[in-house]
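J.: Chain A is fixed; fit chains B and C onto it per the hints.
Residue numbers (my numbering), protein chains in the order written: chain A, 1 to 515; chain B, 1 to 325; chain C, 1 to 227.
For the record, the hints were derived by calculation from the structure and aren't laboratory data.
One thing to keep in mind: the hints can contain errors.
Said to hold, decoys possible - The following label-pair restraints were derived from C-beta to C-beta distances:
id: 1; chain 1: C; residue 1: Pro142; chain 2: A; residue 2: Glu202; range: 38 to 46 Å
id: 2; chain 1: C; residue 1: Tyr122; chain 2: B; residue 2: Val24; range: 18 to 26 Å
id: 3; chain 1: A; residue 1: Glu202; chain 2: B; residue 2: Pro153; range: 36 to 44 Å
id: 4; chain 1: C; residue 1: Arg61; chain 2: A; residue 2: Pro354; range: 18 to 26 Å
id: 5; chain 1: B; residue 1: Ala160; chain 2: A; residue 2: Ala349; range: 50 to 58 Å
id: 6; chain 1: A; residue 1: Thr493; chain 2: B; residue 2: Arg102; range: 38 to 46 Å
Everything numeric in this text was worked out from a predicted model, so none of it was measured.
Just so it is clear, CB atoms sit at the ideal spot from N, CA and C, and this is done for glycine as well.
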Amino acid sequence: MKKVDRSARRAITASVAAVAAAASLAACGSSNNSAPAGGAGAALVVGITADPTQMVPWTSTSVQSQEVLSQIYTTLLSTDADGTPTAGIADMPQVSKDGKTYTFTLKQGLKFADGSTLDSADVKYTFGKIMDPASKASSASYFASVASIDAPDPQTVVVHMKQPDASFPAGLTYPNTGIVPSGATADTLATKPDGAGPYQFESRVPNESITLKRNDSYYAGKPGAAKLEFRIIPDEQSIVAALKTGSVQVAEFDNPVTAKTATSANVKSTPVNSLWYHVLQLRATSPVLSNVNARLAIQCAISRQDVVSSAALGAGTPTGPITSPQYRSDPNAQPCPNQDLAKAKAYLAKAGEPNGFTLNLMTSQGLYSSAVDEAQNIQAQLAKVGIKVNVQSLDSNTYVQKWLAGDFDAAIAANSGSADPNTMYARYFTSTGSFNKVAGYKSPILDKLFAQGIATTDVAQRATIYQQISAQLVDNAAWVWLYTPKKFLVANTAVKGLEARTDADLSMLWKASLS
Amino acid sequence: MKLASAFGRHPVTRRIGEAIVTLVGVSILTFVLLRVVPGNQVTASYGIAAGELSPAQVHSLEAYYGLDKPLVVQYFDWLGGVLTGHLGVSTTSHLSVLSMTRQALPNTIELALLGILVGLLLGVPGGLLAASRPGRLRDSSTQMVSLVALSIPSFLLATAVASWLANNLGWYPNGKGFRTLFDDPGLNLQQMLLPAVVLGVSVAPPVLQTTRAAILAIRAEDFVRTARAKGVSGRRLEVRHILRNALIPVVTMSGLQLGFLLGGALVVEQIFAIPGIGRQVLLGLNQKEYAVVQSTVLVIAAMFVLINLLTDLVYRVVDPRVRVR
Amino acid sequence: MSTTSDISNVPEIRTDASARSRAWIAAFRSPIGIAGVVLMLIIVVLALMAVFGLTPHDPARQNVAESLQGPSGSHWFGTDQFGRDVFARVASGMANSLRVALVSVAAASVIGVLLGVVAGYYQGIADRAVGVVTNVLFAFPPLLLALALAATLQRSWVTVSLSIAIVYVPIFARVARGPVLTLRNAEYVLAATAIGRSRMSTLFRHVLPNMRSILVVQVTLSLSWRS
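Isolated chain A, as found in the complex:
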C-alpha cells in the first residue's frame, strides 16, 4: 500500500509540475508586454465582439460592419466630433433656392484601392445602386426624396429632389452610403472590397480577424498605422484582458464597469456621448394603451434617473426624443420630467383605470446588455401605481419578428440617433412612414410638422419645428423616452492621436498611430 501512495503522490506532483513548468516557460517565452511593439510595420489592433459579416457598404446594418467599412470606403460627407455633417470627399453642398437641387463638388486626386480615380460617375453609380430596389440596400431610405442624379463633369454631382428634404445631407455621412467604383457588384465587393478610404482590405479570417493596410494615397492625409487589424474576441472580459496585456490597443464598451476594470497604468478609458436613445416604446393602437391618459400615467410613474442608475449603472442621462446636437430636446420639457406618483394616479383615474391595468412588455437579452434590466426596473416602478407589467423576455429573432409586425403592446428598445431628427423619426411617426405600424402613433399635426421640418434648410427655423414635434411626442406620450447612454472608448496610452468622438465613432481612426 505504501508504494501506491508514493507512486500516486509522485504522479500528482509530476503532473502539477509539468503544468507549472509549461506555464512558466510560456510566460517567460512570450515577451511580457503591456506596451505594444511599436515600429514601422506595427499593426493597430481594435478589439470587437462580433464578426463584421457584411462587407458590401449598401447592405451593411451591424455596428461592427460599419466600423470596418468606414475605414475602407469614403462617404460624400463626413461628421465633426459632435456628429454634425461636414465636408468629406465632397464639400458641403450648394442648395438651390427651392431646395430641390443639391450640388456637390468632389475633391481632386481621389483614388480607389485598385488605382482608378474616384469621380462623379462612381458617385452616380453608387447612389443608383442604393436606390435600386433589387439591391435591398439598408441606406435606401436616405434617398427617398431623390428624383434623379446627374454627373455633368468629373468633379460635380447634382442631385435633383422630388421635394425639398433638409435631412438629405445627414444620410450621406453613414458608412452604408460609401462610394464604390462604377460597375462593382455586391458579389465582387463581398470578397474584394475596393474603396478610397484610409485603409485598404488586405486579408480576412472569418470570425477571427480582418486586416487592413494603409492607403498611401488617402486624400485627407497619411494614415497613422501601417496596418489596422480588427480582432474578434466574443467575450468582453477577454477583450479587457487583451487590453491589459497589450495585444489589443483600442476597444469600445457600453458597460461602465467593464470600462473601469480595463483601466490601468497603460490603458485609459474616455467616456463619450452618444446619439442613441433608450426608450419604452408604446403602441397607441393597442387597446390597453389607446387612451392618452394611460400612456401619460406610465410616463409619470417612471423615474428616468432611476433607470439610468440601476440598469445603466449610472452611465447615461435622461433624454427627450431628439438627440441630434443641433436640435436636442429639452429632457425636462414633458408633462412629468420626474417621477410623480400622484400625477400618475390622477392620469389613471382620468383614463378610467384608477386601480391600474396589466401591460405586456417585451424585451430580449440579445438586443443589448441592459435590455432586460431596464424592463425589470420599469416593471418595479410601474407597480407603485398599480400597473402590473408582464415582462416577456424573448429570443432576439422572435423579438425582431414581433417588433416588425407591430405585434406588441410595449417594448424596450434602443435605437441609434442621427444628426437629423427627420432621419430619426419620420419613418416612425408620419402616417406614410415605413415603421408607423411599429410606432403605433400618428396625427395630422405631426404629418404637417415633419413636412415643414424638411422643407427648409434654415437651422433656426428647423429647431423651432422640431421642438414642436418633440412636444407633440411627449405631451401625448407616444413613447416614453428614457435616456441616452454614455459609451466608453478604451485605448492603450501608446496610441496617439485617437479622437474621442460621439458614439465612439471610429471614422477618424486613421489619425491615430502607435508611438
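T.: The following block gives chains B and C in isolation, referenced to the frame of chain A:
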C-alpha cells in the same frame, strides 16, 4: 432478407447500422428544430431593417437563400449534398461549410484531447491517492476537492483565471490572434493552456471517481487475492493487476467525455476566442445559417458516434466478458 | 442472504433489516456523509424560506437609493444595482434551481427508466427502437436543443426543465437497461415466470426494486448536476 438478418446478427455490423440510423435521426431532428425556431436568414441578417424591405424584396431574398422550396425538398437537397461531400455554403462569408469545418475541427479536436489529457493527469493520480487509504482523511479530502472542482461553473473559472493572470502577471496569450498548431506551435500551446486546464478541471472529477471506484472494486476481486496468495505484491501487483483492469472503465468514461468535449466546449471557445466547431454552430445559429448548423451538427454527431463505436470495439477487445452480446 | 453477480455494476442485494440499519449508521459516521446532509439542509431551508416568503426582504423589491451596498445588518449579502436584497435573491434563486432540478430529473428518471427497463426486459424491437432514440439524443449537442427550445417556447422554468429532462432521459435509459439484462436471468425471476406471473408484473415486482441503489445513485448525481 437473409443477408440483412445475417448482417443484423453480427454485433459489429449491427453497431455500424445503428450508427447510421442515429446520424439520420440527428439530421432530421436538427433540420426540424431549425425550421421550428422563429426567424430565418432574412431577419437574422437584416434585423430591424428587414421591415424596410418590400414583400417582393423579401421573396427574392428567400429564393436566394433557398428558403422558398418545400421543406422536404430542402431536406433532401441538403442531405444529397452532404453525401456527395457538399456540406453547403455560408451565405455571409461565402465559404463552403466543408472548408470552414476543416479549419475549425482540428482546433476543437486539439482542445478536447488536451482537456482530456489534463483531466486524466489530475483525475487518475487523484483516484489512486483516494483509493490508497479508503475512508480515511486522504480519501475524503481528495473527494472534497473533486466535488469542489465539479461544482465550479466553467465560465466562472475561465473568466476568473484569465482575469487574474492578465491583471497580475500581464500574461494573456489569447488576446493575440489565434494561431494553429502548425502555424506557431509555441503560441498555440500557450493559447490552449488555459482552456485545456478549465476543461480538464471539469473532466477530472468523474475520472477520479471512476478510478477510485474501479480500484476499490477490483482490489476485492478473487483474482487479486489469488495473485497475492501467489506472492505478488507491491508495485507489481498494483500496476500489472489492479491498475490495468481498473483503467478499463476509465477509458470508457474518457471516451464518453471526449465525445462531449468534441461537441464543442462552447463556453471555453467563446471566452478564449478559439475558432472551433462549437463557435461555428453558435454563429451559424445566430445568423440563421441553416446549412452551416445542419452540416456542422451532423459532423459533431458523426464524431460522437464514431468515438462511441471505437470505444465499444476497444472495450470488446480488451474485456472478453463483454463479447457475449 | 445475498446474490452476487459477475458484472460489477449490479449491486449486492441485501434483504435483512439489520444490514440496512447498519448502513444508516455507517452513513452518519462518515464525515462526507454528514457534510453532505448539512449542506443539503442549508439549501432546502433557504429554498423553503423563499417559497414561503420568509426572507427578510422581498427579492423583487427594487429601491435604487439603496443600490450596491455591502453586507450589513439589514442586508446580509448586500444589495444589487437595483437595490434588491441579494440574500433574498439567492434564496429564491435556490428555490427556482431546486424546482427545475426536481421536476426535470423526476420526469427524466421516470421516462428514462421506463424506456430502459422495457428495452432491456422485452428486448427485440423495443430494444432497438429505444436504442436509436437514446443514441440520437446522446449525439445531439444539448446546447442546440436548449437554444431551440428557448427560442420557440416562452422563457420559463418549464422550458428549462424540459430541455434538461430531454437530455437526461437517454442517460437514465442506459443506466437502467444494464442491470435489467442480468437480472432478467436471475433465478427468482425465472421462478416467477414459471409460476405464471405475467412479464409486466415480474418487471415491477421483482426486477425494479432490486435496481434501487443504482437508480438512487444516478438520480442524486443528476440532481446535483442540474440544481
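J.: Give a verdict on every hint.
T.: To see whether the hints hold, each was checked on the structure:
| no. | hint | in the structure |
| --- | --- | --- |
| 1 | Pro142/C x Glu202/A: 38 to 46 Å | 40 Å, holds |
| 2 | Tyr122/C x Val24/B: 18 to 26 Å | 24 Å, holds |
| 3 | Glu202/A x Pro153/B: 36 to 44 Å | 39 Å, holds |
| 4 | Arg61/C x Pro354/A: 18 to 26 Å | 23 Å, holds |
| 5 | Ala160/B x Ala349/A: 50 to 58 Å | 53 Å, holds |
| 6 | Thr493/A x Arg102/B: 38 to 46 Å | 41 Å, holds |
Of the hints listed earlier, there is not a single one the structure fails to meet.
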